[in-house]
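Asks: Sequence:
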Amino acid sequence: MKAAYIEKNGPASTIKIVQLPVPELKTDEILVKVKAVSVNFVDTFVRAGSFKTKQAFPFVIGRDAVGTVSAIGKDTSDFQIGDLVWTNSMGYDGRMGTSSEFVAVPAKRLFRAPEVDPVKLVASVHSSATAAIVLSDVLQVKSDQQILIEGGAGHVGTKFIELAKSLGLEVTTTSNPNDFEKLQQLGTDKTFDYHKSIQGSYDYIVDTSGKVNLQDNLDHLNLYGKIALITAPKDNQFNFRVRQMYTKSQSINGFVISHATLSQIQSAGKILNDNFEAGRLLTDEIIKMPLDQAAKAHQLLENQQTKGKRIVLTME
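Each residue of the sequence shown is one higher than the one before, starting from 1 at the first, in full-length UniProt numbering.
Keep in mind the hints are simulated off the structure, nothing from the lab. From a predicted model like this one, the values you see are computed outputs, not experimental measurements. One should not assume that every hint holds.
Unchecked claim - Here are the computed distance ranges between Cβ atoms for each label pair:
1. Lys142 with Pro290: 39 to 47 Å
2. Gln304 with Arg241: 30 to 38 Å
3. Asn222 with Met289: 41 to 49 Å
We put the CB at the ideal spot given by N, CA and C, even for glycine.
Required output: the full structure, derived from the provided sequences and hints.
Replies: And the structure:
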């Protein structure tokens, strides 16, 4: 089978397109014939070695994929040959990646796909799963409360908006004013220019940009309020008034999906499928490229040349 792999960690130029044997199935695995694979920033971190995780070389890159069931391990019974399926937790922690014509996926990490565009689905799952886990498990949001999503026009920000609205929250976003109409169409109740000071008070604040002063956010957080950080400022530093934070019983929560538990991944999978079926979370603009251009895809992402679009590698 054709695969995009590396023999050691390094720059995008270390990615090779080669023929590898089709994976041998373990009893708890499903063999998936891959249709498409998304390319995320975390894929570039794993490839470069800046995100430390268990790897066996040669290492097939990529973590998210959509495809059809080709073979089934003898200890699995939830899938049938030909099912359209997706996964979003391969390619790290000792698991081989997805950028190949076939991939063996543990059945517990595989989800049957609803009848939507599979390319749009795989482009969405990384950001959408992050938003789903942060809202449902990290922040444990409650309906009828107020959430501020900073950087609402980004890939993750738009997913937070749609999921927060589906959970019954009042949603406020910050963004470039050029994006206000787009965010309102997604369900935002209030939009503010991210160049200006924060307004209002909130039960939850999600900073998707790493560009907002932490103290400013705490100043606009209600009693018992929670902040979620999914990135960091360039200098990797924040200063804030600790006494104010703890006397108001506020909390600051960090999250990266690479450390999500299997239970969190499975719960998010159900949330995503429910929303996909409802027509949500599928609005990303996409750059489609063949698997042969995996190295170029990584270079485009690292050089910030994607113009806000998601890259999807296809097997066609």
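Asks: Quick check: which numbered hints come out false for this structure?
Replies: Going through the list in order, the structure violates no hint and respects every one.
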